[in-house]
Amino acid sequence: MSTAARQTDPWYPVWAERPSFDLASGKYLKIWQGPQHPGVSGNMALELTVEGDIVRDCRAHVGYLHRGFEKLMERRKYMNCFPIVCRICVPEPDFNEHLFASAVEELAGIEIPERAKWIRTLTLELARIAFLTMGLGGQAGSFGLGTVGQWCIVHRDYVLDLFEELTGHRIYHMYIIPGGLRHDLTPGFAERTEAVLRKIEKLMDEVQKVLFDNAVIMSRTDGLGVIPRPWVDPYGIAGTNARAAGSSRDVRSDSPYLVYDDLDFAPIVGERSDAYGRSLLRKREILMSAGLIRRILSRIPDGPVRVKLPNPLHWKVPAGETFVRAESGRGEMGYFMVSDGTGFPRRVHVRGPSYTHAMALFEELVRGVSIADVAGLMASLQICPPEIER
Amino acid sequence: MNETILTLEQRFGARLEAHRRDSLVFVSVPADRAAQAVAWLRDRGGFTHLVMISCVDWIERGTFRLLYLLSSPQERRDIGVYVDIPRDAPSMESIHHLWAGAKVYQRELREMFGIDFPGSPGVNDPMILEGWHDIPPMRRDFDTLAYAERTYYPREGRSTRDPAADTAERVYPTDEELRRGIADLARRTYPGGSKDGES
Amino acid sequence: MNLRNLISPFYAWKRALEKPFTIRKPLVEREGPPLYRGFHTNDIELCIGCGSCEEICQNAAIDLRRVDGIEPKQGDSGLRPSIDYGRCCWCALCVDICPTASLGMSNRYNWISDDGEDWVFTPGVDDGGWNGDELGYRRAEGSWLLDPEAREMPVTGPDERRRTFDEYAGGYGPADAAAEATRCLECGLCVEACPTHMDVPGYIGAIREGDLDEGLRILYETNPFSESCGRVCTARCQDACALSQLGRPIMIRWLKRYITDSTLERRAAVIGDGSAVRPTGRSVAVVGAGPSGLTAAFYLSRFGHRVTVFERAEKAGGMLRAGIPDYRLPAGVLEREIAAIAGPLVELRCGVDVGRDVTVKALREEYDAVYLSVGAQEGSSMPIPGMDTPGVHIGVDLLARLALGERPDLGGEVAVIGGGNTAMDVCRSAVRLGSKRVRVLYRRTEAEMPAAVEEIEEAREEGVEFEFLTSPVGIAASRGRLVVTCQRMELGEPDASGRRRPVPVEGSEYDVSVDSCVMAVGQQVEGGFATAAGVKVTRWNTFEVDGDTLATDERGIWAGGDCQTGPDDAIKAVAAGKKAAWYINDYLGGRS
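Residue numbers (our numbering), protein chains in the order written: chain U, 1 to 390; chain P, 1001 to 1199; chain C, 2001 to 2592.
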């Protein structure tokens, strides 16, 4: 049942009050979903207060993946920070690498070569495909459709093979660094990428039939977690969650970075704002990313991929502050960086899209959802806990 | 953007701190008017999207510098509102009623920096840390290295050598002794060294 | 929702007819791709133990360890990196920074062991079988984190500089100095190579910090002739520099010059004159006001001893003044350095010939200790007929006259015999004196010339000609000019120095007609001084001393510098003077 009926003004701070439940009455039960639970994406705990089968309240507990990276970066020189930032979001590390590098480049006044920009865009789109594919699999798996889950993980593995060949590692690529990229594309990379893209497109046809045209999935996701369009700003919703609700917000078109303004990028706006609509939108975005990758591969200019920077042991970045953002698979991701003129960053604050999705939005949407569907709701919001507590 | 900054200056005593790009400026606002400035920016300025609430610990100046980073989806612009609050009594008016996510940021700042936002729902609930008994860890005076050495035990059997010192010890130990002795002597006899330069 | 939606999922069954995604577990490990960042490899022959990998590691995973069988030598600390795989994040920054490119990574990623200590290992020494792997991460072209290029020193062009004895090297400005100082790794390999072990990383760091006064203080801790050395030192530190392996070394000599040049007016205020030092009441006589003697005087006076320096020439400076022309080392530099050494406890007496005007024995009685640093200033001549023909000069004598301001006319054509730095100084001075044709005759080939490469190059640019594999066998006067009869040489077997010895080619004599001929074939300690002083000499006529303390067998007498080692460079003389000061102070009861 949609909670939008509770008030007409989306800005009314309904989130400021929390209803209380008398646990001693026997009507309610508190159960924990997580932190280790196949129905939770990542490590996060949901403290659910349920009445029978229906969730009445939820407190989201984060912190299981806190590694203190922002504090650690204050003790490390700028070039020493890039091995850390990729670990802030496990499924899509490249966005962190790119945002850190571009924040440093902006503060230091460095312009990276054209070829580096194109290949960075390629890397980001590949990371997006890897993440969204896994996300579709997670969505399927949360309803028990393990088959699609396995298919998607396998195809993500094909993309990880591409990354392994290009960057030297499967998950933590450490490939995008301040100044450009660590090395150029490997020979034959374009052909192998094309082969993987074809596999993924074929997969999407199968996923359409097995997942989206599936009666069980259709009934379970129908009306699950509806996000009304007016909620986008009050709840800070971004990414596919917002676009499925009807907003056209996408950093790639709103504040183009790298080469997106060269690619004539236009965001896809969805029609349905429930779990089904969000997943369908993600499937369409996977196909759009595949098209973008093909266009990028055909247009990459020649040239160097890196500019020479001063000795990293003594490199000092001029004092200043900046905020850079990118569109990750989950939405607007941003880095706020402050430098004080020394060789160490003063403050790096990572703003992950899941920060608002998992805490404020999720706690609101999960009211009235049955226990069985909590996992499905969480998967449909594409919550990635590492970027919440960093 | 210029009209926005002008209004902020006139109505809320703001000051332009940095112009990073045409689409990104940073202003600072006095703490007693900051919450109203942020509300004005949301309601009248078109900055309806709260990007983040962050904080930089300027320990050498004795302040926490809060940052309210707002974004205008229509104009595709960002504005960062700095608010300086004293480090020894850090407290700031809560804006949890303006955005749903604000209470989460404020809860994290309370835990990580020790900044109080009176009235913010759940602001004192631990969010990221569990069973933490030390000072708020994002403060500059919290030394992570010292904490790690106190709390965890190091891997045994690790030791390192400095190339210059090790070579001196192995190749020219007596010359190294005299080099150090003469260097100390020179230092003592420079103006500003010890009183009578005696060895 | 309709019937189609109930049937549609069964489309998945078509997979039963297709090849499965999964692969059979391969009997061999799935190989990592060529650029995979796997376990570390290290070529320990190439590795120089500089520790830059340890510096750059973001998680303190690397230690430098001693390794059995690897000893330190110039440019190699003998230490090798050991990596703790409990902390390593496989970012390969260590590989990207390595100055020798010895550190790499293989594409192996599987390591099973039941002893956790195995995973703190020294690549190249503890080999799990992958050390020789070709595949694996190696840094790409252009990815080296360090800069192989050095900031070049601005120099006057050859056409302009060959007309004047003015200094031709310009000195770094602040931007170049800062950029060059930023290249430094602070590994410290240069410290061992320097004869007086200057704290090179320390003063380069002072340039980076912008604290040049501190840089000056660091210089004077080990070398009061830093302004001179900043121009003419042989810079063994640069030969040992880690960056010289794959690029140009840090231009340490020019950075040293930058510090002294930028602090000229402040030198007295920063270094002081030691006037606050309490005198010990002891006295030392130093014979020879060259770099060795004056360095000893500087440090002895700072210990509080009263020092009197005796110098035969009219002006102090030794071979720095008499042996190096103004265009390389302007006289003003020496004046400033000697002024900085002077203080209330230092007296300089020029024009006093010890051995003739006063004996060493007399000095030994009057003073509590004596330091002999008379150098090796006698220029060698060749045992050929005609050495005393007018127009034949000895190189070091000619340079000494130039240092006094004389500008003798060597005539239109000059032949310079020799291949060391003195020969280069002489031939380039001859150009500046106006001779139209200056030829250097050397008995071996260019590859064997002991002179510095830059000297040879710059001499060529200034128009000096070189003739190799030739040596004079006789000189005669002829119609107001000289006829130098030379004989061609060829290279035979190596001699004691390791260089192939020149062997005369029978019947290959030919004549060279010149106005002057200058011999720059070596220097030696003047005979007779040591015997008169009562000090033992070696068979090369150098003073014999205890290698550790520079003490001669005469109690209370030390000897150091060229007179002890034979002709060598200034920095070794400085090191000897510093060492002598230490042990003389010890002898005088300075340290309890």
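Hints should not be assumed to be uniformly reliable.
[Claimed, not checked] Distance windows between CB atoms, simulated:
| no. | chain 1 | residue 1 | chain 2 | residue 2 | range |
| --- | --- | --- | --- | --- | --- |
| 1 | C | ASN2059 | U | ASP261 | 33 to 43 Å |
| 2 | U | HIS37 | C | GLY2128 | 57 to 67 Å |
| 3 | U | GLN36 | P | ARG1158 | 28 to 38 Å |
[As the list claims (entries may be wrong)] Simulated crosslink set (DMTMM-like; lysine to aspartate or glutamate; CA at most 25 Å straight-line):
| no. | chain 1 | residue 1 | chain 2 | residue 2 |
| --- | --- | --- | --- | --- |
| 4 | U | LYS71 | P | GLU1060 |
| 5 | U | LYS77 | P | ASP1184 |
| 6 | C | LYS2025 | U | ASP157 |
[Said to hold, decoys possible] Just a sample of chain C residues kept apart from chain P, beta carbon distances all over 10 Å, derived:
| no. | residue |
| --- | --- |
| 7 | GLU2031 |
| 8 | PRO2072 |
| 9 | THR2100 |
| 10 | GLY2157 |
| 11 | PRO2158 |
| 12 | THR2222 |
| 13 | LEU2246 |
| 14 | THR2308 |
| 15 | ARG2432 |
| 16 | ARG2460 |
| 17 | LEU2491 |
| 18 | PRO2504 |
Don't read these hints as lab results, they were simulated from the structure. We treat Cβ as the ideally placed atom computed from N, Cα and C, and that holds for glycine.
The hints, checked one at a time:
Here the CB-CB span from ASN2059 of chain C to ASP261 of chain U is close to 38 Å, well matched to the stated 33 to 43 Å. Our hint of 57 to 67 Å for HIS37 of chain U and GLY2128 of chain C is violated, since their Cβ atoms are close to 38 Å apart. For GLN36 of chain U and ARG1158 of chain P, the Cβ-Cβ distance of about 33 Å falls inside the hinted range of 28 to 38 Å, so the restraint holds. For the hint pairing LYS71 of chain U with GLU1060 of chain P, the CA-to-CA distance comes to about 17 Å; that is within 25 Å, so the pair holds.
Using a Cα cut-off of 25 Å, the hinted pair LYS77 of chain U and ASP1184 of chain P is violated, with the two alpha carbons roughly 32 Å apart. About 16 Å separates the Cα atoms of LYS2025 of chain C and ASP157 of chain U, which keeps this hinted pair within 25 Å; it holds. Once the 10 Å rule is applied to beta carbons, GLU2031 of chain C is consistent with being away from chain P; the minimum gap is 31 Å. Listed as a non-interface residue, PRO2072 of chain C fails to keep its Cβ farther than 10 Å from every Cβ of chain P; the least gap is roughly 5 Å.
Once the 10 Å rule is applied to beta carbons, THR2100 of chain C is consistent with being away from chain P; the minimum gap is 13 Å. With a minimum CB-CB distance of about 39 Å to chain P, GLY2157 of chain C clears the 10 Å threshold, and the non-interface call stands. For PRO2158 of chain C, the condition that its CB be more than 10 Å from all CB atoms of chain P holds, with the nearest at approximately 39 Å. Distance check for THR2222 of chain C against chain P: the nearest CB is about 7 Å away, which does not clear 10 Å, and the non-interface claim fails.
No Cβ of chain P approaches the Cβ of LEU2246 of chain C within 10 Å, the least distance being about 18 Å, so the stated non-interface status holds. At roughly 19 Å, the least C-beta separation between THR2308 of chain C and chain P is larger than 10 Å, which holds for a residue marked as non-interface. For ARG2432 of chain C, the non-interface assignment is confirmed: its Cβ lies about 38 Å from the closest Cβ of chain P, beyond the 10 Å cut-off. The beta carbon of ARG2460 of chain C is kept farther than 10 Å from every beta carbon of chain P, the shortest such distance being approximately 37 Å.
With a cut of 10 Å on Cβ distances, LEU2491 of chain C stays outside the contact zone with chain P, its closest approach being about 35 Å. For PRO2504 of chain C, the shortest C-beta to C-beta distance to chain P comes to about 42 Å, beyond the 10 Å cut-off, and the non-interface label holds.
Checked against the numbered hints given earlier, the structure breaks hints 2, 5, 8 and 12 and satisfies all the rest.
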